[in-house]
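**Q** Listed below, chain by chain, are the residues.
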Amino acid sequence: MTHIFSRRMLCITGAVLSVAGAAPFATMAQAADTIKLGIVAPMSGPNARYGAFSMHGAELAVKDINAAGGVNGMKIELFNADSQGTPVEGVSATRRLIDQDGVDFVIGDVSSSVTLAMQPVAEDAQVLLLNAASSNPKITYQAGVGGFKWTYRNYPTDENRALIVAKYAAEQRGFTKFAVLSVDSDYGRSAITFTKKYLPDFKGQILSEDYYKEGEVDFRSVLAKIRDNGAQAIIYYGLADTTPILARQMIELGMAGKVTLIGNGEFNTEKTIKAAPSALEGAVEAAAWLPQFDSPASKAFVEKFTTSYKEAPNNHAYVHWDTVNLLAAAIKQAGSADKTKVRDALSKIKYKSPVGEVTFDDHNQARLPMILLQIEKGVPSIKGAYTADIQYPAK
Amino acid sequence: MLSTVLEQVVNGIVTGSVYAIVAVGMTMIFGVLRAINFAHGEYYMLGTFGAWFAVDYLGLSYEASIVVGILATIVVAYVVGQLVMRRMVGAPAESGVLATLGIALILQNAVIFVFGGGYKFFSGGYIEPISILGFSLAQQRILILVVCLVVFVGLELMVTYSRLGMAMRAVSQNVECCEVVGIDVPQVVLRTFILGAALAALSGVLTAPVNVSVYGGMGELITFKTLPIIIMGGLGNVRGTFFAAMILGIAESLVATYVGLQFRDTVGFATLILVLMWRPYGLFSTQARF
Chain A
159 MTHIFSRRML
169 CITGAVLSVA
179 GAAPFATMAQ
189 AADTIKLGIV
199 APMSGPNARY
209 GAFSMHGAEL
219 AVKDINAAGG
229 VNGMKIELFN
239 ADSQGTPVEG
249 VSATRRLIDQ
259 DGVDFVIGDV
269 SSSVTLAMQP
279 VAEDAQVLLL
289 NAASSNPKIT
299 YQAGVGGFKW
309 TYRNYPTDEN
319 RALIVAKYAA
329 EQRGFTKFAV
339 LSVDSDYGRS
349 AITFTKKYLP
359 DFKGQILSED
369 YYKEGEVDFR
379 SVLAKIRDNG
389 AQAIIYYGLA
399 DTTPILARQM
409 IELGMAGKVT
419 LIGNGEFNTE
429 KTIKAAPSAL
439 EGAVEAAAWL
449 PQFDSPASKA
459 FVEKFTTSYK
469 EAPNNHAYVH
479 WDTVNLLAAA
489 IKQAGSADKT
499 KVRDALSKIK
509 YKSPVGEVTF
519 DDHNQARLPM
529 ILLQIEKGVP
539 SIKGAYTADI
549 QYPAK
Chain B
774 MLSTVLEQVV
784 NGIVTGSVYA
794 IVAVGMTMIF
804 GVLRAINFAH
814 GEYYMLGTFG
824 AWFAVDYLGL
834 SYEASIVVGI
844 LATIVVAYVV
854 GQLVMRRMVG
864 APAESGVLAT
874 LGIALILQNA
884 VIFVFGGGYK
894 FFSGGYIEPI
904 SILGFSLAQQ
914 RILILVVCLV
924 VFVGLELMVT
934 YSRLGMAMRA
944 VSQNVECCEV
954 VGIDVPQVVL
964 RTFILGAALA
974 ALSGVLTAPV
984 NVSVYGGMGE
994 LITFKTLPII
1004 IMGGLGNVRG
1014 TFFAAMILGI
1024 AESLVATYVG
1034 LQFRDTVGFA
1044 TLILVLMWRP
1054 YGLFSTQARF
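For the record, the sequence lines run as chains A and B.
Heads up: the first sequence is residues 159 to 553, going by this note's numbering.
Heads up: the second sequence is residues 774 to 1063, going by this note's numbering.
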């Protein structure tokens, strides 16, 4: 008897649950006149900090756009999916956004390795992938006339970055002997590949070359080697979270003030500089954006972000905020949220971004400057913004 | 040249000390339970988080934060021990693997859920460098080394002379006989487990100042570093674990210097493969213990 009863209860519970489960779908169907935008970002794992900034940046832009009445009268609905910073999770996150949430537009990921894996997924589903923060040149080498029609990138590449860092280090600082210590990923390795391409032009020489795994915390061995081989600068294309660890261990080994960090890895944030001020003094970095960038629109963003989230935005917050605005501008220009029309509008757009006018080349790559900065007396000082036209490899 | 090698050996010994304190807890738990505790690194993470919370939120000193970190971990370990580990006495090996992997996921994600997934910045500790024998080293690293030696001498004495130590050895040799002579096996398992978790937490708290970053997933890496160590040392062998940890620490340091940093993590598993091929019972045990 009790068996029958409990089986009946199970059936009822199941039925109730399935109705409850269907409820969100009902609301989704109602909200057909919204623009569905998915964000793929590392919300957990070693790059979670980047993901949190990216989401906040995107959220802020969506909130402002919706508060102003949306785009062409349609509100933007934001969905997020965690890539954990790994290609495998990034691909399933993208699939989830496309198949379950039904998004037409995806912004992501921060890691180049993840973005490279997402490109074919977006292409197959014919969903517009708008990258906002990956710097590996290959992403747009293989986009537009290079292959993937649905990938666009609103971010400068490592090719540009490697060139201007190498040039500045050699010409302004007089460095000739370098040691490489970069993250073992598509970002870290490609930045070094391009550094090697340009370094001989400036008579630079690489004395040692090491790559660290994400999550590495012990750099003493490799730093001791660099200290002894006489390198004047460490070419570091690393992760923001590793920079304080590395800088502290440089102090520990007595290298602060003797060997300079150059490259990219958020040398310019207050927290990083505070962790190891003497090691970061004189450090040279090329970034897509930084809070000190001098333009009214950029300053207004910094202020708004800081009041909303109680911390200053980083580069990833800015680029995601900017990319949502770029997408809104493209939808407005297309006069419709139809993804094919938006894609065509993007190719022709002349978008006024806080760092200058943005247009896309035939590889769907935005023409954007890299900003060069140097840490002087504990604060970042901007040394210039450089745009370089990309020399695409002949097919 | 020689001094570089020597410096790397010193670096390796410090790294080895961190591994040793974590690994010895894992090997002791294996001794009494015959189960690899895949959640072991998570207790290392919990200890570090406890200390970070004490420094950042409660404004306590680093010394006090060591106590907070370890106590917080002991509380969690007590709950997990009561609910899960006690029940694993005599259970098949796969249930141990599944249960501890599950606990690892729960603990890791609970911490991410509460504190967020981003890196936290650990600001306590003695990070000023001092010069010893011509090497520059943070004071904290000397502290790690000293604590490691104290822990191992203490454990040797405990395992040899104390009642709990003798009970632990008895349980690791024959559970049925223990029950016959009246040893409360689940109680011994629980205590060993809490001790092991507390040691992992201690290691985490001591390492936090030099590793700077604190985050939810930090335990995973430690679990996979300690696994080869306890197998090399001979599962359940305290002294063997110490030497195995030192060997791995030094080997990693030398590989990072002379081969390349990117090959560092391969050392542990390469050694593991070699050990399993030639001495599957470990380098420091004369025969298979289990």
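One should not assume that every hint holds.
[Unchecked claim] Which chain B residues face chain A? A few, computed with CB under 7 Å, are given here:
| id | residue |
| --- | --- |
| 1 | Ser776 |
| 2 | Val783 |
| 3 | Asn784 |
| 4 | Pro902 |
| 5 | Gly907 |
| 6 | Ser909 |
| 7 | Gln912 |
| 8 | Gly955 |
| 9 | Asp957 |
| 10 | Gln960 |
| 11 | Leu994 |
| 12 | Ala1029 |
| 13 | Thr1039 |
Derived from the structure by calculation, the hints contain no laboratory data.
Every residue, glycine too, gets a C-beta built ideally from N, C-alpha and C.
**Q** Each hint needs a verdict: does it hold in this structure or not?
**A** Hints and how they fare:
1. Ser776: violated (9 Å)
2. Val783: violated (9 Å)
3. Asn784: It holds, given that the least Cβ distance between Asn784 (chain B) and chain A is near 5 Å, below 7 Å.
4. Pro902: holds (5 Å)
5. Gly907: violated (11 Å)
6. Ser909: holds (5 Å)
7. Gln912: Violated. Min distance 10 Å.
8. Gly955: With a minimum Cβ separation of about 42 Å from chain A (threshold 7 Å), the hint on Gly955 (chain B) is violated.
9. Asp957: The hint is violated - Asp957 (chain B) has no Cβ within 7 Å of chain A, the shortest such distance being about 38 Å.
10. Gln960: Gln960 (chain B) check fails; min Cβ-Cβ to chain A is 37 Å, beyond 7 Å.
11. Leu994: Leu994 (chain B) check passes; min Cβ-Cβ to chain A is 6 Å, inside 7 Å.
12. Ala1029: Interface hint status for Ala1029 (chain B): holds (4 Å vs cutoff 7 Å).
13. Thr1039: Since chain A brings no Cβ nearer than about 10 Å to Thr1039 (chain B), farther than 7 Å, the hint is violated.
Checked against the numbered hints above, the structure breaks hints 1, 2, 5, 7, 8, 9, 10, 13 and satisfies the rest.
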